[in-house]
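Protein chains in written order, with the numbering used here: chain A, 1 to 79; chain B, 1 to 668.
Bear in mind the hints are in silico, worked out from the structure with no lab data behind them. Careful: at least some of the hints might be erroneous.
What the hints assert, rightly or not - What the simulated footprint calls covered on chain A by chain B, stretch by stretch (three residues with Cβ under 8 Å from a Cβ of chain B suffice, anywhere in the stretch; the number is not a length):
hint : segment
1    : 14–26
2    : 39–46
3    : 59–65
What the hints assert, rightly or not - Cβ pair distances, simulated, as ranges:
hint : chain 1 : residue 1 : chain 2 : residue 2 : range
4    : A       : G36       : B       : K275      : 28 to 34 Å
5    : B       : V281      : A       : P8        : 17 to 23 Å
6    : B       : K195      : A       : G48       : 44 to 50 Å
On a predicted model such as this, the values are computed, not experimentally measured, just so you know. Glycine included, each C-beta is placed from N, C-alpha and C at the ideal position.
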Amino acid sequence: MKTLNDVPVGGKARIAKVLAVGALKRRIVDMGLTKGTLVEVRRVAPLGDPLEITLRNYNLSIRKADAKNIVVEEDAGHE
Amino acid sequence: MNKILALIGNPNCGKTTLFNTLTGSNQYVGNWPGVTVERKIGKLMNYEGFDVMDLPGVYSLSPYTPEEVITRDYLLENHPGAVINILDASNLERNLYLTSQILEQGYPMVLALNMMDLVHKNGDDLDTEALGDMLGCHAIEITASKGIGIEKLLDVAIHASDGHVRLKPIIYSKMIETTLKRIDEICMLPEEHDKRWRLVKIFERDPHELSKLTIVPALKEKLEALIQYCEQVEGDDSESLIAAGRYAGVEKILSQCYHRGNKDQTMAVSDRIDKVLTNRVLGLPFFLGIMWLMYYVCVSTVGAFTTDGMQAMFKALAEALSAAMTAAGVSEVLIGLICDGIIGGVGSVLSFVPQIFMLFFFLSFLEDCGYMSRVAFLMDRIFRSFGLSGRSFIPMLIGTGCSVPAIMCARTIENDRDRKLTIMLTPFIPCNAKLPLFALFAAALFPENSWIGPSMYLFGIVMVIASGLVLKHTRLFKGEAANFVMEMPSYHWPKAKSMWQHTWERAKGFIIKAGTIIFAASAVMWVLQNFSSGLVMVKPEESMMADIGRFIAPVFIPLGFGTWQTAFAAIAGFIAKEVTVSTFGILAGVSDTEAGASEMIKVVQTMFTPASGYAFMVFILLASPCIAAVATIKREMDSWKWTLGALCYQTGLAYVIALVIYQVGSRL
Numbered sequence: 001m002k003t004l005n006d007v008p009v010g011g012k013a014r015i016a017k018v019l020a021v022g023a024l025k026r027r028i029v030d031m032g033l034t035k036g037t038l039v040e041v042r043r044v045a046p047l048g049d050p051l052e053i054t055l056r057n058y059n060l061s062i063r064k065a066d067a068k069n070i071v072v073e074e075d076a077g078h079e
Numbered sequence: 001m002n003k004i005l006a007l008i009g010n011p012n013c014g015k016t017t018l019f020n021t022l023t024g025s026n027q028y029v030g031n032w033p034g035v036t037v038e039r040k041i042g043k044l045m046n047y048e049g050f051d052v053m054d055l056p057g058v059y060s061l062s063p064y065t066p067e068e069v070i071t072r073d074y075l076l077e078n079h080p081g082a083v084i085n086i087l088d089a090s091n092l093e094r095n096l097y098l099t100s101q102i103l104e105q106g107y108p109m110v111l112a113l114n115m116m117d118l119v120h121k122n123g124d125d126l127d128t129e130a131l132g133d134m135l136g137c138h139a140i141e142i143t144a145s146k147g148i149g150i151e152k153l154l155d156v157a158i159h160a161s162d163g164h165v166r167l168k169p170i171i172y173s174k175m176i177e178t179t180l181k182r183i184d185e186i187c188m189l190p191e192e193h194d195k196r197w198r199l200v201k202i203f204e205r206d207p208h209e210l211s212k213l214t215i216v217p218a219l220k221e222k223l224e225a226l227i228q229y230c231e232q233v234e235g236d237d238s239e240s241l242i243a244a245g246r247y248a249g250v251e252k253i254l255s256q257c258y259h260r261g262n263k264d265q266t267m268a269v270s271d272r273i274d275k276v277l278t279n280r281v282l283g284l285p286f287f288l289g290i291m292w293l294m295y296y297v298c299v300s301t302v303g304a305f306t307t308d309g310m311q312a313m314f315k316a317l318a319e320a321l322s323a324a325m326t327a328a329g330v331s332e333v334l335i336g337l338i339c340d341g342i343i344g345g346v347g348s349v350l351s352f353v354p355q356i357f358m359l360f361f362f363l364s365f366l367e368d369c370g371y372m373s374r375v376a377f378l379m380d381r382i383f384r385s386f387g388l389s390g391r392s393f394i395p396m397l398i399g400t401g402c403s404v405p406a407i408m409c410a411r412t413i414e415n416d417r418d419r420k421l422t423i424m425l426t427p428f429i430p431c432n433a434k435l436p437l438f439a440l441f442a443a444a445l446f447p448e449n450s451w452i453g454p455s456m457y458l459f460g461i462v463m464v465i466a467s468g469l470v471l472k473h474t475r476l477f478k479g480e481a482a483n484f485v486m487e488m489p490s491y492h493w494p495k496a497k498s499m500w501q502h503t504w505e506r507a508k509g510f511i512i513k514a515g516t517i518i519f520a521a522s523a524v525m526w527v528l529q530n531f532s533s534g535l536v537m538v539k540p541e542e543s544m545m546a547d548i549g550r551f552i553a554p555v556f557i558p559l560g561f562g563t564w565q566t567a568f569a570a571i572a573g574f575i576a577k578e579v580t581v582s583t584f585g586i587l588a589g590v591s592d593t594e595a596g597a598s599e600m601i602k603v604v605q606t607m608f609t610p611a612s613g614y615a616f617m618v619f620i621l622l623a624s625p626c627i628a629a630v631a632t633i634k635r636e637m638d639s640w641k642w643t644l645g646a647l648c649y650q651t652g653l654a655y656v657i658a659l660v661i662y663q664v665g666s667r668l
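Chain A with its partners taken away, still in its complex shape:
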C-alpha cells in the first residue's frame, strides 16, 4: 500500500483513502485531501520532515507521520 510519504519529491499522486481517525482525519479532509484529489510533493524540510505539498492550488505542510495515514493510488505519477 503506497502512502503520501512514499511519493518522491517532485512526484504527483491521487488520494485514494484517508486512514486517520478523529481530529487528524478531519483536519486532513478539511484541508482538501479528499479521495481523488491530485497532490504534488514539492519539497522536504532541511531536517527531513515535514513535507510541503501542493493541492487545490495552494501549499500545505504536513508531517511524514501524518502523511503515512493518507493512501494514494499506485499509478498516478504521470499526470
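Starting from the known structure of chain A, fit chain B onto it as the hints suggest.
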C-alpha cells in the same frame, strides 16, 4: 439591541483587515494561519444599530481546534443578523469549502471576495455574479486593505439581514441525499434555518448533534444502520464522504465561473523564494542568518544603545526632579519614593520599550510576509522531538528579550497542548532583565571564567528541552498527539499600516504593564526597603524588607544563600528581575549601580561562595518569572490552575536544581 454582522473566513484571508476597516479599530493582521484567537466585537462605523463580530479564522466548522469551537458555538448560539463570509479569491477552492458549511446553517449571508487583484495579476477571470447566483447569495468584490467595495458590501449585508436571501447549499450524491432524507424522516427535525446543517452533522455522527437528539434507542439503531449502509455503498466513511462531496460541489461551481489564465504569478514567485529559503541546504543557514540579524539589531547593537540611552534619560529625569523638589522644600521621603522608587522601577522597565518595539516590528514583518510559517516548517523536526512544535521557536526567541511579549506570541500556536507547554517553558530562556545580575555575579565570583555568563543561556535551553521531554509524558500533556497540517501562505510584501498596527498592539501591552503593575510594585518595594513595620524610616537592615528576608531565609539555607539579604534578593525578582540587582545596590549602600559596581562586587563576594553564587544565578534564571510575565501567563492560559501550576513547576525546578548545584558544588 444591535444586529450583529459576523465575519467568517479562512485564516489569512484578510478578515481582520476588513474588521478594522468596518469598525475603525486596531485589530492586528498577520500572514500566519490563526492570528485571531479570541472573538472580537466592534461597532460598525457610519451605520446605526449594527455591531461587527470578528470570529477566529477557520478552515472548517468541525469541533476540534479551539478556534473552530469558538466560531461554531458562536454561530449555533447567537444567531447573527447576517454572516459576511470573506474569501481569498485567489484561493477559492479551499475558501469555498468553509462557505459550503456556512450555507447549510442558513443564516443570511454575503460573500466578500478579497484579493481580487491577485486573481487579475495571475491572469485568471472570475464571474462574481455567476458565483453568487449558484450559491444563492450576493458576492461582492472588495479590497479590504484599501477600503474598496466596502460600502456596497455593507448595503448588501444589511439588506440580507432582513432575511431576503434564498441560499443554495451544495447538493451531494444521490445516495447521500437519499440518506439525509431518511434521517430526516426518523429524527423529524423542526423546519428551521439550520435543518440541513443538523441533518449533515447527524450523518457525520457529530457527537454534539447526536447528544441533542431525543429519539428512542430503536430509532437510533435504525439511524446507525442507515449511515452504515450509505458508507458501504459509497465506499468511505460518512465524514470523508461529506468533505469530498463539498469539495466536488465547489469544483463544479468553480468550473462554471472561474477561468484560469495559466500564468500563476503568486504561486510562482512564492515558489522561487521558497526554493532558497526552505532549500535543503540553504534553508537553515538563511534562517539562522535572519534570526542572528534580528538579534544583532534589536538586542545587541541598536537595541542596547537605545536601552542605555533610555536608562540615562530616566536617571537624568530622576536627578532633575529630585533637585527641583528639594528646592521646593518637598519632604525627603516623598522625593525618595518618587525618584528612587517609582522612576527607578518604572524607568528600568520602560527603558526596554524601544528595543521591544524594534523586535516586534521585525517579527511583524516576518509574520505578515509569510516567513513565520516557514520557520515552523524548518524547526518542526527539532522541536517535535521534545514535545513542542515548530511554532514554539518564535516565543523562545522573543523570550531572550522579554517573556511578556514572548508568552503573548505563543497564541499563534494552534494546538492547545503545545501552546501551554510553550508558555510554561518560555520563561526559562534568560530575558534581558536577568543579564545584569548574571554579569554582576560572573564578575564577582568567576572573574577568570568568561563562560559563566553565557552558560545561563545553555542552562535555560537545556531546561526547556529536559522539561519538554519529561512533561510530554505526563498526564497533563499526553492527550491525542498534535498533528502538524499547516497552510503555507504565499509570500507577499507586508503593508506598512498593518505592520505598524501589529507592532503597536503587542508593545502596548508591555507599556501598560510598566505603567500599572511595575508602578505599584516599585512604590511598594521602596517602602519595604526604607521603612520598619512601625512605618518609621530606617536603614535597610531594620526595614520590613529585612523582616521578610529573615522570615524566608531558612528556606534557602540548603541552597547556600540563607541570609536575609540574599533571601530577599531572591524573592524580589518576582516584582521585576532588575530589582534583584538593585537590591544588592541598596545593600551595598550605593544608589547608582554603575559607579557602585566595585562596591556591589564586594558585597556579592562577601555573601556568596562560587557554589552558592552559581546556585543563586540558576535559581533566578528558572524560578517564577516577574509579576508582569505571570499576569501574561494568566491571561493567555485563561486559568488560575494552569498559571499556578506553571509557577510551582518553575519555582520547584529552580529550587531542586539550585540545591543540587550548591550541594555538589560546595563539596568539590
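Query raised in the report: Of the hints stated earlier, which fail here?
Result: No numbers; nothing is violated.
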